[in-house]
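What follows is each chain in one-letter form.
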Amino acid sequence: MKPFAALFRIRFTNSLQYRAAALAGLVTQFGWGLMTILGFAAFYRENPTGFPMTFQQTVAYIWMQQAFMALLFIWFWENSIFESIESGGVAYDLVRPMDVYGRWFTTISANRIARTVLRAVPLLVIALILPVAFRLVLPSSFITVVLFIISLILSLSVVVAFSMLIYISTFYTMNSKGIRIVVGIAADFLMGSYIPIPFFPDTLRTMIEFSPFGAMKNTPLLIFSGYLTGADLVQSMLLQIFWLLFMLLAGRFFMSRALKRVVVQGG
Amino acid sequence: MSLYIKYFSIHLKSQMQFKSSFFFTTLGQFLVAFVTLLSINFMFARFDSVGGFTHEEVLLCFAIIMSAFSISELIARGFDQFPNLIGNGGFDRALVRPRNVIFQVLASQMDFSRLGRLLQAILVFIYVIPSSSIDWTLPRVITLALMIICGGLLFFGLQVLYAALSFFTLEGLEFMNLLTHGAQEHGRLPFSVYGDGILKFLTFIVPLALIQYYPLLFLLGREEAGIFHGIAPVMSLLFLLPCYACFKLGLKKYQSTGS
Numbered sequence: 727m728k729p730f731a732a733l734f735r736i737r738f739t740n741s742l743q744y745r746a747a748a749l750a751g752l753v754t755q756f757g758w759g760l761m762t763i764l765g766f767a768a769f770y771r772e773n774p775t776g777f778p779m780t781f782q783q784t785v786a787y788i789w790m791q792q793a794f795m796a797l798l799f800i801w802f803w804e805n806s807i808f809e810s811i812e813s814g815g816v817a818y819d820l821v822r823p824m825d826v827y828g829r830w831f832t833t834i835s836a837n838r839i840a841r842t843v844l845r846a847v848p849l850l851v852i853a854l855i856l857p858v859a860f861r862l863v864l865p866s867s868f869i870t871v872v873l874f875i876i877s878l879i880l881s882l883s884v885v886v887a888f889s890m891l892i893y894i895s896t897f898y899t900m901n902s903k904g905i906r907i908v909v910g911i912a913a914d915f916l917m918g919s920y921i922p923i924p925f926f927p928d929t930l931r932t933m934i935e936f937s938p939f940g941a942m943k944n945t946p947l948l949i950f951s952g953y954l955t956g957a958d959l960v961q962s963m964l965l966q967i968f969w970l971l972f973m974l975l976a977g978r979f980f981m982s983r984a985l986k987r988v989v990v991q992g993g
Numbered sequence: 006m007s008l009y010i011k012y013f014s015i016h017l018k019s020q021m022q023f024k025s026s027f028f029f030t031t032l033g034q035f036l037v038a039f040v041t042l043l044s045i046n047f048m049f050a051r052f053d054s055v056g057g058f059t060h061e062e063v064l065l066c067f068a069i070i071m072s073a074f075s076i077s078e079l080i081a082r083g084f085d086q087f088p089n090l091i092g093n094g095g096f097d098r099a100l101v102r103p104r105n106v107i108f109q110v111l112a113s114q115m116d117f118s119r120l121g122r123l124l125q126a127i128l129v130f131i132y133v134i135p136s137s138s139i140d141w142t143l144p145r146v147i148t149l150a151l152m153i154i155c156g157g158l159l160f161f162g163l164q165v166l167y168a169a170l171s172f173f174t175l176e177g178l179e180f181m182n183l184l185t186h187g188a189q190e191h192g193r194l195p196f197s198v199y200g201d202g203i204l205k206f207l208t209f210i211v212p213l214a215l216i217q218y219y220p221l222l223f224l225l226g227r228e229e230a231g232i233f234h235g236i237a238p239v240m241s242l243l244f245l246l247p248c249y250a251c252f253k254l255g256l257k258k259y260q261s262t263g264s
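Protein chains in written order, with my numbering: chain A, 727 to 993; chain B, 6 to 264.
Since the hints were made in silico from the structure, they are not lab data. Fair warning: this is a prediction, and the values are worked out from it, not measured in the lab. Careful: at least some of the hints might be erroneous.
Dumping the calculated DSSO-like pairs for lysine-lysine here, alpha-carbon to alpha-carbon at most 27 Å [to be verified]:
(1) A/K903 / B/K18
(2) A/K903 / A/K986
(3) B/K257 / A/K903
(4) B/K11 / B/K24
Far from chain B, by Cβ distances over 12 Å, these chain A residues were calculated [to be verified]:
(5) N740
(6) L760
(7) G814
(8) G815
(9) V843
(10) S866
(11) I879
(12) S902
(13) Q961
Each residue gets a CB set at the ideal place from its N, CA and C atoms; glycine is no exception.
Given these sequences and hints, build the entire structure.
This is the structure:
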């Protein structure tokens, strides 16, 4: 736990240095969220019965997605890890008395959390005081908030464990640019970054809900918005745990296999 | 001009040297556009129209914005990367060469992977142009061409503005992304659906609606649209003047970062 805390502190002070960038980022994320909501509102005016969720739930989904963007999108890659594998710098990581998988997992999570904290809080504050139609409405019960937070942590872990598989694949392919691009875009789409999963066609939707992609941002955001309740909620969170364990095991397996055959060139 | 063509072919050749890298980045660009297209189709599986526009009309709008944006990104990548150019001192080298600065920044980088996005737009055009009920008269064809060309130039102007601002801040300002990537992403729907406030802003402040909503009405033969709507894209080019002025102003104030 101590190394995690140290890493986290370093990353956090680091991000704090870029306050102007954080402000510009905040404006962007807010504007982007607002445009997305206005787009959905136009569809809603056309035919409210075509909406699989209530409008308020959709609004909550979008604001929370904007706020926790750095936590939940796949495409926030840690380029230094790719570079260290491609350049051979990974050898330094290997001689450290610290498990490499755990170390990377920690670094990635810490970076994502540090980035989020700076941006999420002001964005949520603004979203809470907007005019009623576009306002972020908090869940009515305290239990929902607790479940949301647990599910959010699980969600981050699934995202990081999934991205670890891509980092590890670099040991095998040596240039993961292609995989990174294709998997990143496909995964972000399938987990509901462009439109929430309830808006997908029914068959595809069911398939995604049982896949790892359904266990990413979909679950916490739908819990928060009040769309996911009761037995469905329990099932979704169990699926999150299942996929997390699955990805962790797969990641560790491929990592140890890769490390057995890794050859570091001198230099 | 011949110098530009030379740069163009050099960039093309150098990017073709890394074939697999070029293939994957182009594929990535294609996929980004493709998932946006899928989202449009998923939404229209539930809804017949949005703000008075049908599925085909929205697809047409999407393809126009996508082609305008990808053309400007292909050509004006240098301005997109401008904060780096200032940061690493590369811009100082441009200043001492006896050529126009804007020309040099323009020629410094080109990103051919954007062809992936353009390809997506072309495929949508191929599908939507015959299937839409538009009567393709000569004025309409001209308007369509104007939308793409002037749209490309307008996005280019925004990139110059982005570069100009980084003279003062020395770093890229992320909120400009809203006007470039955001306009491209949200411009898949005619801007009128976002409400009056947004439409006014995009008409009078940053005239993106002049290359999208107004001429689109003309293309679709809506009653309220006259020839004035058809040539609206040309008027949007006025926006290039303040962009250029900002760049000139920034250039005057420019102090090297010293690296």
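Here is how each hint holds up against the structure:
1. A/K903 / B/K18: holds, 20 Å
2. A/K903 / A/K986: Cα-Cα ~23 Å, so holds.
3. B/K257 / A/K903: violated, 40 Å
4. B/K11 / B/K24: At roughly 21 Å apart (the allowed maximum being 27 Å), B/K24 and B/K11 satisfy the hint.
5. N740: holds, 15 Å
6. L760: violated, 9 Å
7. G814: For A/G814, whose nearest Cβ neighbour in chain B is about 20 Å away, the distance exceeds 12 Å, so it holds.
8. G815: A/G815 is indeed farther than 12 Å from all Cβ atoms of chain B, at 21 Å.
9. V843: holds, 18 Å
10. S866: holds, 27 Å
11. I879: Consistent with the label, A/I879 stays out of reach of chain B, its closest Cβ about 27 Å off (over 12 Å).
12. S902: violated, 10 Å
13. Q961: holds, 24 Å
Hint check: violations occur at hints 3, 6 and 12; the rest are consistent with the structure.
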